[in-house]
Amino acid sequence: MTTLAVVIPYWGQSILRSLGVAAAVLLPAGTAVYVYLFKMVSFMQSRLGPMEAGPYGSMQLFAEVGKFLQKEDLIPRGADRRIFKLAPIVVVATVFLVYVPIPFGPFAVFGSYDTGIFLALAVSSISVLGILMAGWSSANKYSLMGGLRAAGQLLAYELPMVLAVVGVVIQAGTLNLQGIVAAQHSEKIFGWGGIGYPYVVTQFVGLAVFLIAAQAELTQTPFDMPIAESELVAGYMTEYSGFRFLLFFIGEFAAAGAFAALASTLFLGGWALPWVSLSNHWMNVVGPLVLFTKMMLVMFVIFWVRFTYPRLREDQLQRFAWKVLIPITLANIVVTAVVKVVF
Amino acid sequence: MPKVPGLLKGLGVTFAAIVQTTKPKRLGGGAATVQYPHVKEAPPTRARGVIALREENCTVCMLCARSCPDWCIYIEGHKEKAPPRRAGGKPRTVSALDRFDIDYALCMYCGICVEVCPFDALFWSPEYEYSEPHIADLLHDKSKLGLWMETVPEAPELEVGADKKKK
Amino acid sequence: MSSTEAPAPPTDELREGLVARLRAELGDGVVDTHLVPGDDLWVRIRTDAWQAAGTAARDVLGCEYFCFLSAIDWLPSPYGKGEDDPTEPPPERSSAIVQGYAGGGSRLQVLARVGSVRAKVALTLKADVADDEPRIATWSGIYAGANWHERETWEMFGIVFDGHPDLRHIYLPTEFEGHPLRKDFPLLARMVKPWPGIVDVEPLPGGDDAGEAE
Amino acid sequence: MTAVSDRRQLAYIASQAADARVNVELETEGMTLNIGPQHPATHGTLRIVARLDGEQVVSADPICGYMHRGYEKLTEVRSFPQVTTLVNRIDWLGSFANEVPFILAAEKLMGIEAPPRAQYIRTILFELSRIANVSLFLGDMGVQLGALTAVFYAFRDREYVLNQIEAATGGRFHPNFDRIGGLKDDLPKGWIAETRACMDKMRTFCDLMEDLLVGNEIFAERTRGIGVIPRDVALSYGLSGANLRASGVDFDLRRDQRLPMAWDKAEWKVWTHPDGDSFARYWVRLQEVRESTRIVDQLLDSLPSGPVMAKVPRIIKVPEGEAWVSTENPLGEMGYYVVSKGDTGPFRVKIRSASFNNIAVASWVLKGTFVPDVITILASLYFILGDIDR
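Chains as they are written, first to last, in this note's numbering: chain A, -7 to 335; chain B, 703 to 869; chain C, 88 to 301; chain D, 443 to 832.
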């Protein structure tokens, strides 16, 4: 970062970068909560949603945070205290880790590793441990069932997500997310370079399966068996209240942001604008905004599906993952590989 | 496995709902809900909100208290001399009302008292905003019931095929 | 429920057919019948023929639809409606037990109604239950729905159903004693609170000279 | 569960057999899970003690009585008008429909009939309360399966029907509009036109539910072949209403019985479904709401004019006798066995409510199902707690 005529020492850069990641996690999560969970759901259900807190209910999120913070922090008597306290932290931490390799601009990335996408997917599966810890340690039958269901479901949907990404990696030729963004920016679609070459054009099957798998990773309807409110009351989150529940709440929406960011980076061309060159310094400012709008688009689809569909039973859910999604993604990989070699 | 149209139709329904709710009111859009403290929906004229008492009609016959299923009307009266109807006539003994309480904590708004009152002293009014922080305050005494009298609406005329004579 | 229009002389072949078939099946098990033409039919069964009546109703009459099973306590309530003036002497209440349609000999009577969906007709079966030791055979083997109804009847009236798989409380808490729907079980809600409907108008201080006070 | 020839049903049983073999080796001891009494899936305070083996229900025993108000004891100390106010709190969603059979029983004992206009208005309000009650079910089945938006459409469109009931009777949930011999009052001005508009809204609501849920494959996946109740089991348990018609029994009290009401003045169709599973129950109720809107339209067209109250003495003493009247309530067959000894109040009233029998079948049908299916089956049986506990 020597361009700004002042030399920022290395520790300065890493502080800036970690602040950037924190902002990257919390800002989209916050707007997603307001726009989708408060407003879009209400419009879907022909009501206006919160209108009292701030103009058009914009301060509702802070009101909610305030409410959660002043709630009593209960730990059930039979609970395994240490694991009970650790579970939400594990879930939220993994979401921060997923944001590390995601590029928001030429230099605005915490760490551009050669195996960026591999790191993101590996880390996102650690949250399963957090959910299992929460389910087990709450000493509550509903939580235990919720936790076990979550474990089964998240493992089953890890595979389709990874296989969906493999199609993109074959086409981009690199695992590094910056590389994938660059690849999508430079290639042409049959000679016409107007809007670059977002991989959704050829990898639409991959995007569909990725979104379905992301829906399952977020334990959202139609895959919200772990938090099936009509059966398990609140699944693994039943016994949590106050600040810990807030952590789970943030974790859930930050994870939605993370998967949306991954989807838009892999399939919609990431932070790059087609006609602006990649190394333009202004892209460090414009890039995050571009990626933010793409994330909002993807999250609209995620929440749109979440509030429309009923939920699947977990044996149907597993059957759907193993017997439908995985064959489709394998076929997609084969087709991509053949096309890659032939052309 | 799933054929697509069913799932897409569902998405179409919810998207149409978003468009309908966000369309401004003058274009026929808007939510079905009303922002209560600022905008209040008027209940229909026959709504049974609260019972109003016209004290002068009441002759303490206690028919309402006797026919109330929940035993929530408490009446006490006394006899007194009233001026004769025609000049020079004998003073009439009339029973006057001392206490007429309705306990809205017990009342189930069935309307038997209003209907059974032979002297038309009790009326329904669609007023509904009289909740109280303390449940004891729900015991409305006769002065409060009198206050409700102005909120009693005119009886709505009946549907076209209705029988004209007032039952 | 009736479907045929009763002709001028009110005979109702559909229901008379039912009674005839029931008599043929149970012989003297059918003690008494009461037929409202074109409307409804009551049949009183002897206590020990109750189970046979159930199987006959289902198989012979084709009444496979189980409507309900309950009981009636014919003793008039000794407490009245709780609406008497405490100042006056309590009014004496007749304790004569008078049964309803199709007669009966005991204070408690079991009452069941079954219907045939095809013939679109239903009938009510009654049976006396001994006053001192109320027992009767169970129908849960014949109609699966009777299981819950018999549990409720046992809990409310104290009629024991022999052969019932698990006769336990269905509505009331397990440690509840007494049978609430019996007429001699007091309704405490009306005992605890004095009735506000008692006329409470104190007369004139000088006594009512004109003599036409209410 | 008896097998139904459907391919999916056989697959379901095969998968169960496979699980059963697995459990034998694993020897996992069961877990007892209390669903309720405070539980989102039960419409009120019903508790199901389910013994589970993993996710599968070994035995389920519904425990009711948390909302037992002792209505039959209360009716013994009340007069006839007071009992009507008590009685429309049994099935509080379609509450006008509770009063009608009791009033008809009293009128049958007194040998009087309501004037034709009152009969028409009673039938119209009866069908309106059916629409209000069953439309909530159509939305609520979605929530039980996870689709949150369906129930909001149900509440929104049901509001118009409740406004109509309140405009005519004065009470949204507890109208208390029925009197022995007729109705308390006549309809207010402009009510008929308003109700017609409301019926169109309900028809669009039904189409909405058709698109949102019935067509949805996940909904079909979750409800087809789940909780199959064959014809003979349904009849033996005394199931009634849409639960019975969904098991293929063509039995509807509005058509198969002669009552002083106006159902035979409108022509409408009784819908049945052969499968008897949760999907069939949902589908039959959806068609029934559409039929009800058509009935209301036809009755509104042919509404006669005239009085709404027959000649009835002020203090009503019902002559001695016994009468049973039952009507096709939104939840099923609701009947009153009224015994009168000739004074102002009834001597004994046996209240036969539909949900009591509808839930008795639960312990039979829930055996061997998964936990999420328990919620689906209970939601599809559609009971209201006041109806069970009385």
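I should point out that these hints are in silico values taken from the structure, not numbers from a laboratory. For every residue, glycine included, the Cβ atom is placed at its ideal position computed from N, Cα and C. A portion of the hints provided could be inaccurate.
[As the list claims (entries may be wrong)] No farther apart than 27 Å at their CA atoms in a straight line, the calculated lysine-lysine pairs in the DSS-like style are these:
hint, chain 1, residue 1, chain 2, residue 2
1, D, 809, B, 725
2, B, 725, A, 315
3, C, 168, D, 707
4, B, 844, C, 280
5, D, 643, B, 727
6, D, 643, A, 133
7, C, 207, D, 759
8, D, 626, D, 707
9, A, 59, A, 77
10, B, 781, B, 711
11, B, 844, B, 781
12, D, 753, C, 270
[Stated by the list, open to error] Sample of chain B residues with no beta-carbon within 10 Å of chain C, all distances over it, derived:
hint, residue
13, 731
14, 767
15, 779
16, 816
[Said to hold, decoys possible] If you want the footprint, here are the derived chain A segments under chain D, 3+ residues with CB under 8 Å:
hint, stretch
17, 63 to 75
18, 156 to 168
19, 204 to 217
20, 227 to 237
Hints and how they fare:
1. D:809 with B:725: With Cα atoms ~49 Å apart, residue 809 of chain D and residue 725 of chain B exceed 27 Å; violated.
2. B:725 with A:315: Violated - the C-alpha atoms of residue 315 of chain A and residue 725 of chain B are around 43 Å apart, more than 27 Å.
3. C:168 with D:707: violated, 42 Å
4. B:844 with C:280: At roughly 22 Å apart (the allowed maximum being 27 Å), residue 280 of chain C and residue 844 of chain B satisfy the hint.
5. D:643 with B:727: It holds: about 18 Å lies between the C-alpha atoms, which stays within 27 Å.
6. D:643 with A:133: violated, 43 Å
7. C:207 with D:759: violated, 32 Å
8. D:626 with D:707: holds, 23 Å
9. A:59 with A:77: holds, 20 Å
10. B:781 with B:711: violated, 74 Å
11. B:844 with B:781: It holds: about 18 Å lies between the C-alpha atoms, which stays within 27 Å.
12. D:753 with C:270: With Cα atoms ~34 Å apart, residue 753 of chain D and residue 270 of chain C exceed 27 Å; violated.
13. 731: holds, 49 Å
14. 767: violated, 5 Å
15. 779: violated, 4 Å
16. 816: Non-interface label stands for residue 816 of chain B: nearest chain C Cβ at 16 Å, farther than 10 Å.
17. 63 to 75: violated (count 0)
18. 156 to 168: violated (count 0)
19. 204 to 217: It holds, with 4 qualifying residues against the three required.
20. 227 to 237: Not satisfied, violated; 0 residues make the cut.
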